[in-house]
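Protein sequence lines correspond, in order, to chains B and H.
Sequential numbering of the first sequence, starting at 39, is according to the numbering used here.
Sequential numbering of the second sequence, starting at 54, is according to the numbering used here.
Treat each hint with caution, since some may be false.
[Claimed, not checked] Covered by chain B, according to a simulated footprint, are these stretches of chain H (three or more residues, beta-carbon under 8 angstroms):
#1 258 to 264
#2 307 to 317
[To be verified] List of simulated lysine to any residue pairs, SDA-like, C-alpha gap at most 20 angstroms:
#3 B/Lys119 - H/Asp73
#4 B/Lys119 - H/Ala166
#5 H/Lys151 - H/Ala166
The set of hints was computed from the structure by calculation and includes no laboratory data.
What you are looking at is a predicted structure, and each value in this text was computed from that prediction instead of being measured.
Yeah, the Cβ is synthetic: ideal placement off N, Cα and C, and Gly gets one too.
Chain by chain, the residues:
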Amino acid sequence: MTDQTPQTGGTADQGEPTLRIMLACALGMSTSILVQRMKDAAASQGKHYRIWAADQASIESELGNFDVVLLGPQVRHVLRKVRAVVGDSAPVEVIDARAYGRGDGATVIAQAEALTKGE
Amino acid sequence: MASFSDRFSDGLTVVAEKVDDNKYLNSLKNSFSYFLPFILVGSFASLLRSLVSSQETGLARWLPALANLDGAFTAMNFATMSFMTIPIVILLGWQLAKRNDTPTHATAILCVAAYVTVVPQSVQALLEDGADGGTAAGLGEGALGAQGLFIGIIWTVVITELFRRLSGIEALRIKMPDSVPPAITQSFNSLIPVFLILTFSAVFGVLFRLATGSYLNEWVYAVLQHPLEVIFQSTAGIILMAVFAQLFWFLGIHGGLVISPIRNPLFATAIAANIAAVNAGAEPTQPLTYGFWVTFIVLGGAGGILGLTIVGALMSKQEDLKMISRLGFVPAVCGISEPLVFGVPLVLNPIYAIPFVFNTGISAAIAMVAMNLGFIQANTVDVPFGVPVFINGFIGFGWQGVVVQAIILIATTLMWVPFVAIDDRRATRESQDQGAAAPTDSKEAVSA
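So here's chain H without its partners, still in its complex pose:
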């Protein structure tokens, strides 16, 4: 067992390394990490709306003046959620510029400018009586918000690659005398590549529209992003993603981190879509959000390990497992699983493989049943990682969320019981075998 760290040259480990080494996936993961606080704050604006300014559910029932704040909370929400494609394009352009060694500021601005050239630059105006007021200059939510996210990401990759190649061509650099400050030289060096790229982008946008009849962002949303959302937001898709992430944890690798380049854009679009739906007076329809993941799927730590700390501390006959379970209980309440994963260890441990890998899928299934029955609703308030169990459920999903969490906790705890019993029997047998051979206890035998 001492050399299990040497056995990591296994298929999934290579996948994890490749994902993290990949320029695009790694930059995408970092961009969403930087943007996550804004998603959380934007979703909390919805909470403020319902608690403070709403005349049905908030303090405004008794203090009608508070209803005036409604616009402020809606604005907060718009500035983060309904606007998210622009900051993501900037962040991703910036990250890729660092990897490509092109000037960061110029690349980021170029990416935004190029993106704007391929989306509609006008919006339909509606007059107060509902009549068509013609078009007005502006960017619509389809381009700014989550619906533009995929093409924003794709276009940023295309543009940064073009910029990297063109910047490397000596002939495109404008020669400046040595006395000119480097900052000015650099911006002149970018001039011709920027001109060529924006021309390409804008012309491509127009030709694309002539060929297909729709703008690039609308086409990508309909053909690529929307079908992907439907697949990943289905019950089967959610369970598969949860179990897949857990397979990495079984190898001792942070599963959530590995799948975050795929998962986090979907989370972001989902919570934005839910908030937009509620603001429009409709039902939120996207179950899989960041809040759903931390509240239900990795409740009490990935793999339902909060249940193991309870079973281990109360039931196990092994002093080792009792000690680690007590040690890991408080971190597990906050969703941190590492003390158990590496302390028991659960890594590559065949005895605990079944509950450890499948508890996450079971949790996802229970939460999805509750949602399909209408007991809980898709959330509009996201929850940060690290908020203790039950409090996070209440923030994201109300008291119903806490009930669903309790059911998941009971189910995942029961899953551990037979396996802890098997492990106890194994430990007893081993200590008896060793007791017959030499008077050492099992802990020393492991480290020897």
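Chain B extracted, bound-state conformation:
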């Protein structure tokens, strides 16, 4: 879907990422498809973000490593529990279902950015 080459962005791998986005679903498999599309979208916008996927059981052990957690819509029933675990350390939200299904990386990046700005 994206036609830019990932090598064109010059600032990748330099310094700390400006935003750390963790996605979580049942096994971290379907979200990892979206991760690649979000990386492409971030790179094309010249943003240095760290984006990765995990299974929802390992959120607790990743505490402090992320600025925002986005849950796959298929695990929306754990939202309240994950919010309780994460507390005030980071915002937690369910990924927009349509953007998730369509692999729309840019929309999900925008969703993550809005959440960290407290919107």
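With chain B held as given, fit chain H onto it using these hints.
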């Protein structure tokens, strides 16, 4: 359609949340998640046996020295499958200790110790000529393996609850001076509760045996676990479970995850029973295993959505559906359904409800017919999730498995055809209506 996410305050969603919030079900689900790799490796030991060390089917036909490895693969299998109750008791005790805020190490060890007090601590020894050699100290497979799983789980819950209550009683704590390191204080704090609980467990075990004539694990297996296995391993039971899981997917909730606390212990006991049967020279009899589930029931993604990607990409007149079908094809080959579930979307979509919910049951029925006819055999090699279609079938069930997968794939693909046609007609009609009112395309109309 934009607000379908707001409509999730529905019965099944509450069930999903309750299951995940429940301390015991959630801990059980996590314990089996941690143990799953060992089940897979243990079942792969059976594959190594038949490919390498077996003198009938393996490389040992030509290299007889390889037959010596047979013991190694059997040992691998024993250490995982035939021993599974002990690690599950440890993992579950550990998980519940975290939720109960009791010391994790002490709780886990206490659970194992308490479990051992209620099972036979001796095994029948047989002499080489088959004569009775009396009894010897040891734990039998009935206590260590899958047959002990249910009572292992039940007893762990009982013990962790007792430990949580007793640990909360101030009077049972041994007072230590402040200069004593906290780790030592903690183990002394556990001393009296551990003593009381193990005494209770051991005495209960003896009284139970006096009352019923059998050990607790044997009784629970005969009265509770075995009948449950028979129900869930029947064709009707398997189809019902498959359709039930799919109802959650219809709401956009991971169905397999929700039913995993019930399903995964049954999977574990089934594959262990199959391997034990084959090792004893008998036929494996338990169809519903993890490998059966990922190979046949959710073949190409829950709901047979691999078929939808094919129909959508080749047949549909909607650009949207064509695009999503192409996007979702490769994930679907690996069993991942989310791009279609949320992209089409299939969630709460009345047009696709029938194939989406019932394809999983149809798949289960086809696989069970093949098994009842003896075309495929219950598996002894399990398959991890994510292995592409046909490769997973071959690993778990040989070429016959691939044939059954092909039949399921054709059947579930055909199921989608009329519904994609209906959806196409709806889309055409909508775009015509809108074309008359205003020159917008249907995609913008959806998001507006």
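Checklist entry - Going through the earlier hints one by one, which of them does the structure break, listed in rising order? => result Result: hints 1, 4 break, sorted rising.
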